[in-house]
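K.L.:
Each chain, written out:
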Amino acid sequence: MSTIVSFKDVSLNFGGVKALNNVSFDIKEGSLHAIIGPNGAGKTSIFNCISGIYKPTSGHVEFKGENIGSLRPDEIANKGVARTFQNIELFENMTVLDNILIGAHRHIDYGSISGILFGPSVREKEIEARKIAEDIIDFLEIEEYRFSYILSLPYGIQKRVELARALAMKPEIILLDEPAAGMNNEETEDIARFILDIHEELKITTVLVDHDMNMVMDIAEDVIVMDFGQKLFDGIPKDAIHDKQVIEAYLGVSTDK
Amino acid sequence: MKGRPNLYTDYRKEIAILNTTTQKFWALIGLTLLIISSFFFSQYWMYLITTALLTAVAAWGLNIVSGFAGQISLAHGAFVGIGTYVSAVLGGVGSSYIRGYELDMLIWLPLAGIVPAIIGLIISPLAVRLKGLNLGLVTLGLVFIASYIFSNWNSVTGGSGIGRKTAKLKIFGIDFNDGFYAGSYHIEKDQFIFFLSLILFIFAGIGVKNLMRSKIGRAYAAIRDRDIAAEAIGINLYRFKASAFALSSFYAGVAGSLIFVMSGGVDPTQFNLVYSVTFIAIVIVGGAGTVLGPLFGAAFFSLIPGVIKYFLHFFGTTADQVPLHPTQIERLVFGLLLIGFLIFESRGLWGIWFRLRNYFKAWPFSY
Ligand SMILES: Nc1ncnc2c1ncn2[C@@H]1O[C@H](COP(=O)(O)OP(=O)(O)OP(=O)(O)O)[C@@H](O)[C@H]1O
Ligand SMILES: [Mg+2]
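Protein chains in written order, with the working numbering: chain B, 45 to 301; chain Z, -12 to 354.
Hints are supplied without guarantee of correctness; some may be wrong.
Unchecked claim - Straight-line distance between alpha carbons at most 30 angstroms, and here's what the computed DSS-like set of lysine-lysine pairs gives:
no.	chain 1	residue 1	chain 2	residue 2
1	Z	Lys176	Z	Lys157
2	Z	Lys118	B	Lys123
3	B	Lys169	Z	Lys157
4	B	Lys169	Z	Lys0
5	Z	Lys196	B	Lys214
6	Z	Lys118	B	Lys175
Calculated directly from the structure, the hints in this document are not laboratory data.
Please build the complete structure, drawing on both the sequences and the hints.
P.N.:
Okay, structure coming up:
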């Protein structure tokens, strides 16, 4: 399988803080890759470097072999990189449907002047976009919230809507930052099921950041373990739970007593 | 299996410009009343209402950039001024010291929008780099620059305190400056300008509504509410901030090309900071980010003078018997309202209308 995202000696500093310290890894096309690690390990920073919100202090990030270091976030998004945020970044004053339609932005092709005139071809394109949105609403089972405003929705549903908005981009890779954070068991199971569906049915490369090992160990094919900006482990989940460094990072104790 | 209870089977209907019968009904009633009553207005009210229509067009423009796209602009009045002078130079009468080419309205009307739009495009990179208060301050600088140019470019504006005449009305080479005959009925020049403004107003309103239901309006709102998320979705901030500024200036310029034509002359000191701020106040009092809001705000602001005059007359007082001048009362009333809305009803007049509408939902016309 070919590599879709590749980090080559990426470091990211904030003043004295090394959010990422010489991190290298490859994410294979079509994989379901997890990134785990304790608070402040640098997980979100990895996502921000991929989506171009932060630029690495040194090293470079490649998307399908191309160095994307000089691209703006919207240019990277338009290459097919979608993401969700750790703290939900939905458009709260809009409906679920409008949020999803904004996600479909890059697939609706007309300019500002056409928008003001709203001729027949614009109308057809809007209807087409609405169909994309409707498929996703169906896929994530949020029919009943279609016309609800985001602020009126429970947290778990908001997380799902953010996932829907990312899917509306029809991405090649989707980056999910703690999709199950703050959810109860039932909601977590739902989300895990949707993530598997996205990966298996829609065939989108999925990268998943999480704090806790459990869900990740169940569904991920590969896992990267981060701690203090450094990559501790990169391999299959089964091996991660036996890795000495990983156990130390998580339990804060030495394993060889 | 769950059904899709809320699913419109016809998306076409859902995205229609006026998607309920009530909306169509009231739009039609409003327009009909306006047109019929225009035959009975005094010249004074004709002037006020025409000003209201054109002010609404300009306010819609500000609403595009500030209400929809969230980019504060204190320079909107300056763009209205640019439109005024493009039309005055191209369509007005020249002399040895003032430029004027007496061209057809079909030339100066579009250009009065296009020239400000291009200037809007040129300054839009400022909006990409700056946000909030900083952008406000820079646009404040633009008003001062524009005021300075307007006051000193005598061959275009006539200079401060002197001013110049506005564009003449010539369409397809036909002169409408002394009114014209529709059959045996003589349409006055003022009524003609009123109709022109009404047509412009209708197209401008349709344009705004279209923008809001299109991907462009959604992209503006996305940038306004969360620019980082918008970028991560693939929305080019440069492009859409630029287009918002350009469209907004286009609206300002087109409105400006006609707004002083009825009074016939314009002084460059007109386009000062207060004038720009007035548009912000109109959008806020009306309800920012909505289609109807700026219309309410503009109507309110432009008609207050008439209403105050009417009340003074009604109570048998003349202007010099009250301690305040009518324009002072206007400012006072509008200022108090502005503060009131900011504190109590951030959705402006639109918000009040919205609540009233919901209150009367039981009414036969509600769907
Ligand atoms: N914009 C920023 N400015 C300064 N420091 C930052 C910034 N973003 C991240 N950091 C720092 O970089 C380090 C890594 O942060 P990051 O958000 O990537 O961690 P994380 O693994 O996602 O943590 P969490 O599990 O808490 O979300 C932390 O020490 C954090 O304080
Ligand atoms: Mg994080």
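K.L.:
All hints, please: hold or fail.
P.N.:
Here is what the structure says about each hint:
no., hint, verdict
1, Z:Lys176 to Z:Lys157, "holds, 11 angstroms"
2, Z:Lys118 to B:Lys123, "holds, 27 angstroms"
3, B:Lys169 to Z:Lys157, "violated, 40 angstroms"
4, B:Lys169 to Z:Lys0, "holds, 14 angstroms"
5, Z:Lys196 to B:Lys214, "holds, 28 angstroms"
6, Z:Lys118 to B:Lys175, "violated, 35 angstroms"
When held up to the earlier numbered hints, the structure conflicts with 3 and 6 and fits the remainder.
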